[in-house]
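Guided by the hints, dock chain B onto chain A, whose structure is given.
Protein chains in written order, with numbering that gives the first Met the number 0: chain A, 0 to 317; chain B, 0 to 317.
Worth flagging that the hints you see were computed from the coordinates, not collected in a lab.
Any given hint could turn out to be false.
Since the list gives no way to pick one copy over another, a pair counts as held whenever it fits inside one copy or between any two copies.
With a cut-off of at most 25 Å between alpha-carbon atoms, the simulated SDA-like pairs for lysine to any residue come out as follows [what the hints assert, rightly or not]:
no.	residue 1	residue 2
1	Lys170	Pro134
2	Lys170	Glu43
3	Lys176	Glu52
4	Lys170	Ala183
5	Lys176	Arg106
Computed from a prediction, not measured in an experiment: that's the story for all the values here.
Chain by chain, the residues run as shown.
There are 2 protein chains.
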Amino acid sequence: MGGDKAPGEIVAGAAQAARELGVHVVLVGRAADIGDSQGLEVIEAGEVIAMDEDPAQGVRRKKDSSLVRAAEAVRDGRASAMVSAGNTGATMASALLRMGRLPGVIRPAIATPIPRPGSHPSLLIDAGANAECTPAMLLQFAQMGAVYSSARYGVGQPSVALLSIGEEPTKGTPLVKEAHQAIAGAPGLRFLGNVEGRDLLPGAADVIVTDGFTGNVALKALEGALRFFMSTLGEVLGRDDATRAAAGALAPHLAPLAAEFDPDNTGGAMLLGVDGVCVISHGSSSARAVVSAVAVAHELATGGLVGRLADALSPAVA
Amino acid sequence: MGGDKAPGEIVAGAAQAARELGVHVVLVGRAADIGDSQGLEVIEAGEVIAMDEDPAQGVRRKKDSSLVRAAEAVRDGRASAMVSAGNTGATMASALLRMGRLPGVIRPAIATPIPRPGSHPSLLIDAGANAECTPAMLLQFAQMGAVYSSARYGVGQPSVALLSIGEEPTKGTPLVKEAHQAIAGAPGLRFLGNVEGRDLLPGAADVIVTDGFTGNVALKALEGALRFFMSTLGEVLGRDDATRAAAGALAPHLAPLAAEFDPDNTGGAMLLGVDGVCVISHGSSSARAVVSAVAVAHELATGGLVGRLADALSPAVA
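For reference, chain A alone in the conformation it holds in the complex (with noise of 0.2 Å):
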């Protein structure tokens, strides 16, 4: 139910997936609302968090909600992760109030794919879970985000770094120095020491650590400006004829770009640290988008991760 285009484009994508990908997808929301389910399973959800609900309210008195009934049916085993275009901080509720923490996660982070032409992305996290973070999540993201990015774009030796505005191990807040020492410390990483601003777009590392303040400012940023850019040169090449004419010169080489820069493509952003798979999709996610990120939860659940991130944070709680 949730997203700008619900329940059409994520009916018509859910369908996609299952015919496409072979995956056993269930809906969770209203059955009147959802209407013809395309032979998909539906869970009944009789309520719905709406998009610019508060999320803690949200999740507390919306027991029947679809994002609450479709933790459940994670916990419960009836479904193997969970994908969800809605309100991220009500999912992110549901999932960790419903799921549960993983045994010995402070919190749980959500790490977000930001494209790196010609390689697997780079991971933000925490790109807006926890707007206020300690050093020792910053060492767990680093360790989530390690896994995550060996589980999902199978690098050996994901390189981590620290988001801070200086290379020196002195630069930053206290938050960012003691993190920086605690990652430094801690075994099986491949700590890279601070990265900028700049070392965003393209990624410096494969995961990119920072708070959920710092990080989900820094993600707009990206977001906006590249909104910003392809809005100018789209209104540029539309100027005059000769430029229309260089539009379409232009056209076979520029669309591969922007189809790797296409939210719809990357599969969502995944919430760590839970006891299940929760694939964030942005809130004007298209069938297309569905389909990417059911592909994504599909291949990280039949893979492990959860298991595979229990293992990689239980000789930090030792």
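Relative to chain A, chain B alone:
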């Protein structure tokens, strides 16, 4: 003596500014390194703080450095403003220690222009002077930013926004939430509320307030994205005969945009809150960047920026 192209480009830009703008420019540095000063007065300074040197140590140890001597020249009335393309941290420290703070200013901050095609730039403040901030500091950044936007771009009643991770006043860190209340309650500010990272380019307000850590990360993320787009587009335009022909058709349309985003043209960032005018030009400043920065410094010194800042801040102190 500062900047990657010093002293050659710096001296050339200073001489050009003197010629073209009729500004009395004084060079500060090692006369032997400067060589032909092109008729400009030189204040001898025997030491240089390197671009990668620790700012606090550099300023403490090198009392005869060009940065410290330049700030002293402003303090002593031998100059009305200083311009530096050198070590940013050392520039701030020199200005702070030698010029001192304006009465009531908790900490000076850097205001950096973000180009806004078709309009005057937005100002991001603090772009990196203070990694740690308090709500009272963010309020002062809002007040100083509004005065500066007005003085620099002639904006009658500049709009002010606070950078956060959601538009609601309840979103963000405790710092942001408290700063929101403080700025909303301050008289004389046209406060639009919170904006997000995607509202930085193009800027959704004349002044966008944030702490120096977030501001530095966001600004460099934008710079990195811009560089990435430009180099990607340049690569596409050079691929074959057809794209090179397209490049020819687009060049007259893209050139003005590129010029608008060229940091050599923005006039540099401003350190607000010290008792003097201090313009910080970027590290790879060309002669043209120096001319822009000198023009801005001259205009603000003659326009009484420092007095207007002092006036705007005094009610907050009383």
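Here is how each hint holds up against the structure:
Taking CA atoms no more than 25 Å apart as the test, Lys170 paired with Pro134 passes in both settings, with 15 Å inside one copy and 22 Å between copies. When the C-alpha separation of Lys170 and Glu43 is checked against a cutoff of 25 Å, the pair qualifies neither within a copy, at 52 Å, nor between copies, at 32 Å. In this assembly of identical chains, Lys176 and Glu52 lie within 25 Å of each other by CA distance solely across copies; the values are 19 Å between and 36 Å within a copy. With identical chains, the CA atoms of Lys170 and Ala183 are at most 25 Å apart within one copy only, with a shortest distance of 15 Å there and 31 Å across copies.
Taking the shortest alpha-carbon separations for Lys176 and Arg106, both the intra-copy value of 20 Å and the inter-copy value of 21 Å come in at or below 25 Å.
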